[in-house]
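Peer 1: Residue 1 is where the sequence shown starts when you use UniProt numbering, and the numbers rise one by one after that.
Hints are computed from structural coordinates only; laboratory data are not their basis.
Since this is a predicted model, take the numbers as computed values, not measurements.
Cβ coordinates follow ideal geometry from the N, Cα and C atoms, glycine included.
Some clues are possibly wrong.
[Claimed, not checked] The calculated lysine-lysine pairs, modelled on BS3-like cross-linking and capped at a C-alpha distance of 30 Å, are:
| no. | residue 1 | residue 2 |
| --- | --- | --- |
| 1 | K33 | K3 |
| 2 | K55 | K124 |
| 3 | K171 | K156 |
| 4 | K279 | K124 |
| 5 | K52 | K133 |
| 6 | K55 | K33 |
| 7 | K91 | K164 |
| 8 | K307 | K3 |
| 9 | K55 | K279 |
| 10 | K91 | K156 |
| 11 | K3 | K91 |
| 12 | K164 | K133 |
| 13 | K33 | K60 |
| 14 | K60 | K190 |
| 15 | K326 | K279 |
| 16 | K3 | K279 |
| 17 | K60 | K171 |
| 18 | K326 | K33 |
| 19 | K3 | K326 |
| 20 | K171 | K307 |
| 21 | K190 | K156 |
| 22 | K279 | K60 |
| 23 | K326 | K55 |
| 24 | K156 | K133 |
| 25 | K326 | K307 |
| 26 | K133 | K171 |
| 27 | K164 | K33 |
[Stated by the list, open to error] Here are the simulated distance ranges between beta carbons:
| no. | residue 1 | residue 2 | range |
| --- | --- | --- | --- |
| 28 | Q289 | D222 | 22 to 32 Å |
| 29 | E292 | E127 | 50 to 60 Å |
| 30 | T303 | Y131 | 21 to 31 Å |
| 31 | K33 | A5 | 23 to 33 Å |
| 32 | M1 | T246 | 26 to 36 Å |
| 33 | P108 | S62 | 15 to 25 Å |
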Amino acid sequence: MYKTADGREIFIVDAHTHFWDGSPENQRNIHGKQFIDCFYAYHSALSPPEEKWEKSRFEKYSEDDIYRDLFVDGPDDMAIIQTTVLGDFYKTGFGCIERSSRMAARNPGRFIVNGAFDPRDGEKALEYIHYMKETHDITGVKLYTAEWHGDSRGWKLTDPAAYKCFELCEKLGIRNMHVHKGPTIIPLSKDSFSVGDVDDAATDFQGLNWIVEHCGLPRLDDFCWIAVQETNVYGGLAVALPFIHTRPRYFAEVIAELLFWLGPDKILFGSDYAIWTPKWLVDRLWNFQIPEDIAAERGVQLTDEIKEKILGLNAARLYGIDVDAKRRDFADHPVLIAAE
Numbered sequence: 001m002y003k004t005a006d007g008r009e010i011f012i013v014d015a016h017t018h019f020w021d022g023s024p025e026n027q028r029n030i031h032g033k034q035f036i037d038c039f040y041a042y043h044s045a046l047s048p049p050e051e052k053w054e055k056s057r058f059e060k061y062s063e064d065d066i067y068r069d070l071f072v073d074g075p076d077d078m079a080i081i082q083t084t085v086l087g088d089f090y091k092t093g094f095g096c097i098e099r100s101s102r103m104a105a106r107n108p109g110r111f112i113v114n115g116a117f118d119p120r121d122g123e124k125a126l127e128y129i130h131y132m133k134e135t136h137d138i139t140g141v142k143l144y145t146a147e148w149h150g151d152s153r154g155w156k157l158t159d160p161a162a163y164k165c166f167e168l169c170e171k172l173g174i175r176n177m178h179v180h181k182g183p184t185i186i187p188l189s190k191d192s193f194s195v196g197d198v199d200d201a202a203t204d205f206q207g208l209n210w211i212v213e214h215c216g217l218p219r220l221d222d223f224c225w226i227a228v229q230e231t232n233v234y235g236g237l238a239v240a241l242p243f244i245h246t247r248p249r250y251f252a253e254v255i256a257e258l259l260f261w262l263g264p265d266k267i268l269f270g271s272d273y274a275i276w277t278p279k280w281l282v283d284r285l286w287n288f289q290i291p292e293d294i295a296a297e298r299g300v301q302l303t304d305e306i307k308e309k310i311l312g313l314n315a316a317r318l319y320g321i322d323v324d325a326k327r328r329d330f331a332d333h334p335v336l337i338a339a340e
């Protein structure tokens, strides 16, 4: 739990984390290497010097690493693991629901593990959604519309096959759709991450929550114009937030735009672990103030109450997390990691 300088305890739900294996042993081809190298470039360029990892640890970190970085040394109370398979690039997948679920079982209640599906699999995709619900009781998925699939190099949320999947998700109570709509990662196509299809999907599936990860960057304006009129569209701060270190005024512009268009109840904190660790991100966000000229021009403020919503309460609402009950439970059951 994160404690502020004045003793306030803030419940942190890290809504965008990963448990990946991008190691050379798991890379299927050159594209697997390109993908993890691109992640590492983001990590190296936007992290404070003291937060940078060695490349080998970044490629594949341990279960103890993730528990320590998020919950022991880090401020998270809960974290949402996002599944990203990338089966064309990695032999056993980049981040898989089975591996993440086994890891999460060590400390029950700390993780929510989301699934993933690819509508290009047709009927098999529908069968797999049933499997994930029945086996892992998922309540959310990560949608990666630029993922390669044989000869296909992307899909749209508006594809007929995707709509069949969303219909099933809504029926089964899988309500949280985390959609990567942000910067591209080599070798993926940036156009496959364009935000336009969010508009139709959100309109047509009012029973689903559309969490647009990375808030559409570098298409922030397009995203905001969609999100302001779609009541079920939310913005995830992963990737945007680390600019608080390298380009704080740019981050101020981004968060001010999001507050102006979306309001304080529709923005979610995500560290994008292990690209970045939550410890320094949470600390800097809590102590951050929007410059006066930017705040005045938008008519917004980043108050402590708004920060508390962004850091955990908004995600808790979407996932039905009883924050008070979790506080009591975690006080009695600290995180367990292996002895050194």
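Peer 1: None of the hints should be skipped; say for each whether it holds.
Peer 2: For each hint, the structure was consulted:
no. : hint                       : in the structure
1   : K33 with K3                : violated, 39 Å
2   : K55 with K124              : violated, 36 Å
3   : K171 with K156             : holds, 21 Å
4   : K279 with K124             : violated, 40 Å
5   : K52 with K133              : violated, 37 Å
6   : K55 with K33               : holds, 12 Å
7   : K91 with K164              : holds, 28 Å
8   : K307 with K3               : holds, 13 Å
9   : K55 with K279              : holds, 20 Å
10  : K91 with K156              : holds, 25 Å
11  : K3 with K91                : violated, 41 Å
12  : K164 with K133             : holds, 16 Å
13  : K33 with K60               : holds, 13 Å
14  : K60 with K190              : holds, 26 Å
15  : K326 with K279             : holds, 20 Å
16  : K3 with K279               : holds, 12 Å
17  : K60 with K171              : violated, 36 Å
18  : K326 with K33              : violated, 39 Å
19  : K3 with K326               : holds, 16 Å
20  : K171 with K307             : violated, 33 Å
21  : K190 with K156             : holds, 13 Å
22  : K279 with K60              : holds, 20 Å
23  : K326 with K55              : violated, 35 Å
24  : K156 with K133             : holds, 23 Å
25  : K326 with K307             : holds, 19 Å
26  : K133 with K171             : holds, 11 Å
27  : K164 with K33              : violated, 33 Å
28  : Q289 with D222: 22 to 32 Å : holds, 27 Å
29  : E292 with E127: 50 to 60 Å : holds, 55 Å
30  : T303 with Y131: 21 to 31 Å : violated, 44 Å
31  : K33 with A5: 23 to 33 Å    : violated, 43 Å
32  : M1 with T246: 26 to 36 Å   : holds, 28 Å
33  : P108 with S62: 15 to 25 Å  : holds, 19 Å
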